[in-house]
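Engineer: Below are the chains, spelled out letter by letter.
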Amino acid sequence: MKAFQLIFSGDPTVFEITLRTLYVSGAATVISALWGIPTAVFLGLKDFRGRFFLKSLFKALIGIPTVTLGLFFYLILSKSGPLGFLRILYSPTAIIIGEAVLITPIVVSFSANALEAVSPEIIDLAKTLGASEDQAFFAVFKEALNGILLATVASFNRAFAELGVAQMIGGNIFGFTSVLTTTIANETAKGNIPLSIALSIILLTIVFGINLIVDILPKRGTDWRSGNGEPDILAGRSEKHNEIFQRDNGAR
Amino acid sequence: MNTWTKIILVAFITTILVISGTIIYYRYFLKRSLIISTTTSLYDTGLLEMLEKEFEAAHQVDIRIISAGTGIAIQHAEKGDADVILVHSPSMEKTFLEEGVGVCRKIIAYNFFVIVGPASDPAKINGTDAITALKRIVDYGRNQTDRIWISRGDNSGTHSKEQSLWKTAGYNYATLSKESWYASAGSGMGATLVMTEQFSAYTLADTGTYLAYYKAGTISLKPLISQGKDLLNVYSVIAVVPSLPANKTIHEEINFRDTIDFIKYLVSDDGQQIIENYGKAQYGESLFYGAVKLLAQDSTSGIAQWIREYAFFNGTECPPEYRYNQNDLYG
Numbered sequence: 000m001k002a003f004q005l006i007f008s009g010d011p012t013v014f015e016i017t018l019r020t021l022y023v024s025g026a027a028t029v030i031s032a033l034w035g036i037p038t039a040v041f042l043g044l045k046d047f048r049g050r051f052f053l054k055s056l057f058k059a060l061i062g063i064p065t066v067t068l069g070l071f072f073y074l075i076l077s078k079s080g081p082l083g084f085l086r087i088l089y090s091p092t093a094i095i096i097g098e099a100v101l102i103t104p105i106v107v108s109f110s111a112n113a114l115e116a117v118s119p120e121i122i123d124l125a126k127t128l129g130a131s132e133d134q135a136f137f138a139v140f141k142e143a144l145n146g147i148l149l150a151t152v153a154s155f156n157r158a159f160a161e162l163g164v165a166q167m168i169g170g171n172i173f174g175f176t177s178v179l180t181t182t183i184a185n186e187t188a189k190g191n192i193p194l195s196i197a198l199s200i201i202l203l204t205i206v207f208g209i210n211l212i213v214d215i216l217p218k219r220g221t222d223w224r225s226g227n228g229e230p231d232i233l234a235g236r237s238e239k240h241n242e243i244f245q246r247d248n249g250a251r
Numbered sequence: 000m001n002t003w004t005k006i007i008l009v010a011f012i013t014t015i016l017v018i019s020g021t022i023i024y025y026r027y028f029l030k031r032s033l034i035i036s037t038t039t040s041l042y043d044t045g046l047l048e049m050l051e052k053e054f055e056a057a058h059q060v061d062i063r064i065i066s067a068g069t070g071i072a073i074q075h076a077e078k079g080d081a082d083v084i085l086v087h088s089p090s091m092e093k094t095f096l097e098e099g100v101g102v103c104r105k106i107i108a109y110n111f112f113v114i115v116g117p118a119s120d121p122a123k124i125n126g127t128d129a130i131t132a133l134k135r136i137v138d139y140g141r142n143q144t145d146r147i148w149i150s151r152g153d154n155s156g157t158h159s160k161e162q163s164l165w166k167t168a169g170y171n172y173a174t175l176s177k178e179s180w181y182a183s184a185g186s187g188m189g190a191t192l193v194m195t196e197q198f199s200a201y202t203l204a205d206t207g208t209y210l211a212y213y214k215a216g217t218i219s220l221k222p223l224i225s226q227g228k229d230l231l232n233v234y235s236v237i238a239v240v241p242s243l244p245a246n247k248t249i250h251e252e253i254n255f256r257d258t259i260d261f262i263k264y265l266v267s268d269d270g271q272q273i274i275e276n277y278g279k280a281q282y283g284e285s286l287f288y289g290a291v292k293l294l295a296q297d298s299t300s301g302i303a304q305w306i307r308e309y310a311f312f313n314g315t316e317c318p319p320e321y322r323y324n325q326n327d328l329y330g
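Protein chains in written order, with numbering that gives the first Met the number 0: chain X, 0 to 251; chain D, 0 to 330.
Quick caveat, the hints were computed from the structure, so don't treat them as lab data. For clarity, every value in this text was computed on a predicted model and none was experimentally measured. All C-beta atoms in this analysis are idealised placements derived from N, C-alpha and C, irrespective of residue type, glycine included. Each hint should be verified, as a subset may be incorrect.
Below are the EDC-like pairs computed for lysine to aspartate or glutamate, each with C-alpha atoms no more than 20 angstroms apart in a straight line [claimed, not checked]:
hint: 1; chain 1: D; residue 1: K134; chain 2: D; residue 2: D145
hint: 2; chain 1: D; residue 1: K123; chain 2: D; residue 2: D145
hint: 3; chain 1: D; residue 1: K228; chain 2: D; residue 2: E308
hint: 4; chain 1: D; residue 1: K52; chain 2: X; residue 2: D10
hint: 5; chain 1: D; residue 1: K52; chain 2: X; residue 2: E142
hint: 6; chain 1: D; residue 1: K30; chain 2: X; residue 2: E15
What follows is a list of derived Cβ distance ranges for each label pair [claimed, not checked]:
hint: 7; chain 1: D; residue 1: G185; chain 2: X; residue 2: K58; range: 49 to 59 angstroms
hint: 8; chain 1: X; residue 1: N145; chain 2: D; residue 2: Y172; range: 55 to 65 angstroms
hint: 9; chain 1: D; residue 1: K5; chain 2: X; residue 2: K58; range: 22 to 32 angstroms
hint: 10; chain 1: X; residue 1: P64; chain 2: D; residue 2: M49; range: 53 to 63 angstroms
hint: 11; chain 1: D; residue 1: E55; chain 2: X; residue 2: P64; range: 46 to 56 angstroms
hint: 12; chain 1: D; residue 1: F11; chain 2: X; residue 2: I63; range: 35 to 45 angstroms
hint: 13; chain 1: X; residue 1: N145; chain 2: D; residue 2: K5; range: 20 to 30 angstroms
hint: 14; chain 1: X; residue 1: F52; chain 2: D; residue 2: G185; range: 32 to 42 angstroms
hint: 15; chain 1: X; residue 1: L18; chain 2: D; residue 2: N125; range: 22 to 32 angstroms
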């Protein structure tokens, strides 16, 4: 079949589009994680007024239709829009920003949930063991790491596989802003079905592949870190704590 | 400094770095760009890509093509998001010139729309002309419960042509389009053709997209009416004005110089030849015909006269007040 030929012959077009898609959605994921995870820590661990409202807001925003966000960014980034002076409409940068915003609610909500799920006792325990407020937070963070990783992967998948934002603010300019999904839509419109099938197979393979890796990694990780099934915090932290304890003693 | 403040600061700085790095890379390390917003048929047939390659080989400019309907292309231009547009709807083009946003219009090519339908042709339109065909489709459709006509319904050039055909045939489009046999697809040409195939219905299509789909075996619809003045399809290129008093800051960045080079290339012998020959090898016939020579010869031959009647404004392809001092384009 021609679709498989296109994949395995290392067609430069297919390769280039795949690479650009990975870069764009990867950058979007990194950015959203950078601002999303601290927000999640804030939402998941701190108690403040309006926390419930903010959490519901982020949860609701998970379902935002990509075309709506695409339209919103188009109007803002258009030369006649408020951020038009940046001149980034129809560029990979625009897609990165749009997708980063699109997936931030996923990172925030899922990570906040993972952090909340960690037993509050662990904070207390860590504090009892002499950890400072910050150290205690990091302990919880480490416990929730699998959940946070899952949130990041889920958000990457959403960015990688979404069409609306990439189409509306990227414009599917061939060789510049065309990504897998926009190319599939456009090539299908052109009647070029084999290329569409080839790109769809790549899209699915990458999405499944990443999920598979994530499924395997944490299990191995847990085995390797604490074979006895004890939460990390108890194994890892106590050793470190001993060091600190001894050092502090010595200082005294 | 608190650990969290540090983390947030690092996050903030990294975000700025990634974004500004990407902006700087694409803005300063790449060639000057020329943004073309085009009607789908020129892009989806592959013609524009070929013209792009040839033009880029001779000019230091990076052409970026955004493929959308004529309606959206014009909106892009009005917002200052495109430097030049390629469209096929004389009525919309006229408004665009009169608004003062479009200048230097040149007619570059023409072909014919086709009315396609199932081989069984239940409405018996084969061999008639476009207007009779539409009337027969309406008469047939009103006695049917199924969808008989699929419209683009997306404000594209093809859609605007369809509306004007209904008007010529004596129907009120607004009420007609609400009848039960009429379906508005709201999609591009390809998707509309596939839908038409599934419904065994009729539709108005541009030759290029129709042939591409037909040859690929995606559809089996037959071209039932494919010639005649009523089905004439004229493609023009229009530059976006580089200085618009009302919207100065936006429009002064328009890449006008490269736009004029691009228009000159399209109407040159080289450009016209590429247009004429495109698709011959693949489809056995030309998808587009060059309009420049035909109009320059001042012949009163059928088609030249049709183009003048259909796509000229005040007896010219671009009235002098919209030429923006580029008189050498108009011989």
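Engineer: Against each hint, give a clear statement of whether it holds in the structure.
Structural biologist: Hint by hint, here is what the structure shows:
no.: 1; hint: D:K134 / D:D145; verdict: holds, 17 angstroms
no.: 2; hint: D:K123 / D:D145; verdict: holds, 17 angstroms
no.: 3; hint: D:K228 / D:E308; verdict: holds, 10 angstroms
no.: 4; hint: D:K52 / X:D10; verdict: holds, 19 angstroms
no.: 5; hint: D:K52 / X:E142; verdict: violated, 55 angstroms
no.: 6; hint: D:K30 / X:E15; verdict: holds, 19 angstroms
no.: 7; hint: D:G185 / X:K58: 49 to 59 angstroms; verdict: violated, 32 angstroms
no.: 8; hint: X:N145 / D:Y172: 55 to 65 angstroms; verdict: holds, 59 angstroms
no.: 9; hint: D:K5 / X:K58: 22 to 32 angstroms; verdict: holds, 28 angstroms
no.: 10; hint: X:P64 / D:M49: 53 to 63 angstroms; verdict: violated, 36 angstroms
no.: 11; hint: D:E55 / X:P64: 46 to 56 angstroms; verdict: violated, 36 angstroms
no.: 12; hint: D:F11 / X:I63: 35 to 45 angstroms; verdict: violated, 23 angstroms
no.: 13; hint: X:N145 / D:K5: 20 to 30 angstroms; verdict: holds, 24 angstroms
no.: 14; hint: X:F52 / D:G185: 32 to 42 angstroms; verdict: holds, 37 angstroms
no.: 15; hint: X:L18 / D:N125: 22 to 32 angstroms; verdict: violated, 50 angstroms
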